[in-house]
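S.K.: Listed below, chain by chain, are the residues.
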Amino acid sequence: MSYLIGEKLTGGYGGADIIKDCTLSVDKGEIAVVVGPNGAGKSTAMKALLGMLNLRGGTVKLDGRDITGMSPQQRVAQGMAFVPQNKNVFVSMTVEENLEMGAFLRRDDITETMEQIYDLFPILKTKRRQVAGELSGGQRQQVAVGRALMTQPSVLMLDEPTAGVSPIVMDELFDRIIEVKRSGIAILMVEQNARQALDIADKGFVLVTGENRFTDTGEALLANEEVRKSFLGG
Amino acid sequence: MDYSTDLLNALVLITNYVLIPSISYGSQLALGAVGVTLVFGILRFANFAHGEMMAFGTMATIFITWWFQSMGVSMGVFPTALLALPFAILITTLLAVVIDRSIFSFYRTRKSPPVTFVVASVGVMFMLNGLVRILIGTDEIIFRDGQKFLIKAGAFKKMTGLSEGLALKQTQVLTFVLAVIAVMALFWFLQRTRTGKAMRAFSDNEDLALLSGINPERVVLVTWVIAASLATLAGVLYGLDKSFKPMVYFHLLLPIFAAAIVGGIGQPLGAILGGYVVAFSEITATYAFKKFIKYISHGDFAPEGLTQFLTTEYKFAVSFLILVLVLLVRPTGLLRGKVL
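Chain order of the listed sequences is D and W. For the first sequence, numbering that gives the first Met the number 0 assigns the number 0 to the initial residue and increments by one for each residue that follows. For the second sequence, numbering that gives the first Met the number 0 assigns the number 0 to the initial residue and increments by one for each residue that follows.
Since the hints were derived computationally from the structure, they do not count as laboratory data. Since we're looking at a predicted model, the values are computed, not measured. Hints are supplied without guarantee of correctness; some may be wrong.
As the list claims (entries may be wrong) - As a list, the in silico EDC-like pairs of lysine to aspartate or glutamate whose alpha-carbon atoms are at most 16 Å apart:
| id | chain 1 | residue 1 | chain 2 | residue 2 |
| --- | --- | --- | --- | --- |
| 1 | D | Lys19 | D | Glu29 |
| 2 | D | Lys124 | D | Glu114 |
| 3 | D | Lys180 | D | Glu29 |
| 4 | D | Lys27 | D | Asp16 |
| 5 | D | Lys86 | W | Asp206 |
| 6 | D | Lys86 | W | Glu205 |
| 7 | W | Lys289 | W | Asp299 |
| 8 | W | Lys244 | W | Asp138 |
| 9 | W | Lys196 | D | Glu95 |
As the list claims (entries may be wrong) - Computed list of chain W residues with no C-beta within reach of chain D, every gap over 12 Å:
| id | residue |
| --- | --- |
| 10 | Asn15 |
| 11 | Trp65 |
| 12 | Ser73 |
| 13 | Ser111 |
| 14 | Pro112 |
| 15 | Phe125 |
| 16 | Thr137 |
| 17 | Phe155 |
| 18 | Ala197 |
| 19 | Ala200 |
| 20 | Met246 |
| 21 | Leu252 |
| 22 | Thr285 |
| 23 | Lys293 |
| 24 | Phe308 |
| 25 | Lys314 |
We put the CB at the ideal spot given by N, CA and C, even for glycine.
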């Protein structure tokens with residue numbers, strides 16, 4: 000059984016169900032990518048794992064424990080970290096303060112974790128006294144990922160981390176995400192850039208209209224004729 | 000008399016009637032406006048009850064001052080009210096927290112839109128308004144004691160030989176010094192402490208603050224403690240400098256809101272700036288420049304009228320005018336706050 004698993008999730012934001020019997024899972028030291036066309040419910044499925052959705056059915060388990068009834072804040076305290084797609088940094092605060100806020104729940108010494116994040120994203124160290132709102136899109140994403148990593152999570156969830164950044168910055172970000180994975184963290188990621196994302200994925204989920212269409216390794220999905228034709232543009 | 004003496008007289012005149020009053024009035028408005036802006040930044044609504052919170056805090060201070068005076072406790076040259084202030088702050092903070100728990104938290108859990116909060120705060124305003132009038136009455140109360148002047152106009156004239164006098168009241172200096180200390184303490188708190196940073200984070204991006212594990216109820220509690228403390232301080236300083244009258248405190252709401260909006264709502268630094276802008280404009284616009292013009296023109300030109308833009312009865316028009324101008328020209332305020 001996987002470290003984090005959402006099984007047969009069904010629900011929406013109050014009205015009609017957006018995801019139906021949707022199953023997502025990820026293991027430690029693994030990258031799982033959720034891809035699919037616009038409106039497929041990719042972000043919604045991820046938010047369901049974090050408890051930001053009214054679920055009508057299904058269970059979410061973290062390390063074998065049922066966490067379906069927990070609030071998002073409780074799940075964060077349990078080691079789940081989330082980087083939203085939009086508004087994912089404190090724009091009026093410095094880079095360093097953003098990282099400090101990420102570690103708000105921790106009462107121990109955070110300087111070591113902060114050093115690790117500066118090692119992972121060296122540009123943040125040089126900009127650490129700068130206000131996050133003044134940074135470029137790619138640098139902001141690094142702050143956002145850094146903030147999420149400050150809790151020393153076991154699961155990192157990213158909602159379209161490369162939205163609106165240049166291809167070069169995207170490659171750079173993916174490299175960093177692989178590095179994070181190697182430190183033994185489970186990574187679940189929703190991506191628009193399906194081909195590049197599946198390239199680095201250990202596992203891929205193709206969602207269509209809120210349901211699982213294909214689930215396989217990243218490599219196999221890239222090789223799959225039907226997936227290529229329908230979702231990767233040939 | 001030579002021209003340089005005339006210029007000195009003009010300078011003393013302006014300092015005495017515009018500069019010093021503006022700085023002390025501006026400091027009082029600034030303290031009020033910072034409270035309004037903090038509540039707006041964290042709870043995301045314009046708190047109409049802030050002026051009444053100032054009145055309540057001042058009333059509490061007056062009662063405790065009277066009690067101290069009846070027991071013969073005093074602070075010598077300083078007003079006894081300063082001794083009563085910490086206790087009044089405690090009482091007002093308690094009131095603010097009780098109001099939040101019993102009224103505003105109800106709408107928070109329902110996730111009501113900001114306009115509901117504003118209307119609820121108007122209700123709180125009327126409630127406190129009545130409470131203060133029932134408890135202490137509607138009359139003007141002067142509760143200042145101790146030494147009134149640091150520099151007396153007559154003594155200044157004798158000392159300098161100028162025909163214009165300069166008076167400096169102790170309350171004016173107290174206002175400025177206490178305002179500076181309070182603001183510095185507030186900024187230190189917001190910039191350096193864990194709770195202060197959490198407040199800024201919450202104001203900046205509520206969802207992300209929640210995802211970071213910041214406890215919203217705690218942030219709200221601390222905000223009310225600070226807002227109530229600043230409101231009490233502002234109210235007491237205003238009352239010491241002038242006098243306490245419930246109606247006047249009700250009217251203070253307008254220049255305070257103007258100050259908060261001029262500076263950029265949600266920006267504490269802007270609120271301070273706004274406080275001085277409003278105070279200077281109000282006092283300058285209602286000052287009669289007749290004598291000043293006579294001095295700087297060396298007596299060659301003496302206007303027949305008072306050369307006053309507005310009579311003091313119309314001083315609130317200045318706040319309105321500034322408010323309208325800012326909302327038309329730069330709705331985010333001088334320091335780019337949130338748009339109301």
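S.K.: Hint by hint, note whether the structure agrees.
M.R.: Hints and how they fare:
no. : hint                  : result
1   : Lys19/D <-> Glu29/D   : violated, 25 Å
2   : Lys124/D <-> Glu114/D : holds, 9 Å
3   : Lys180/D <-> Glu29/D  : holds, 6 Å
4   : Lys27/D <-> Asp16/D   : violated, 30 Å
5   : Lys86/D <-> Asp206/W  : holds, 9 Å
6   : Lys86/D <-> Glu205/W  : holds, 10 Å
7   : Lys289/W <-> Asp299/W : holds, 12 Å
8   : Lys244/W <-> Asp138/W : holds, 6 Å
9   : Lys196/W <-> Glu95/D  : holds, 11 Å
10  : Asn15                 : holds, 41 Å
11  : Trp65                 : holds, 45 Å
12  : Ser73                 : holds, 46 Å
13  : Ser111                : holds, 17 Å
14  : Pro112                : holds, 17 Å
15  : Phe125                : holds, 35 Å
16  : Thr137                : holds, 43 Å
17  : Phe155                : holds, 46 Å
18  : Ala197                : violated, 6 Å
19  : Ala200                : violated, 5 Å
20  : Met246                : holds, 38 Å
21  : Leu252                : holds, 27 Å
22  : Thr285                : holds, 37 Å
23  : Lys293                : holds, 50 Å
24  : Phe308                : holds, 38 Å
25  : Lys314                : holds, 34 Å
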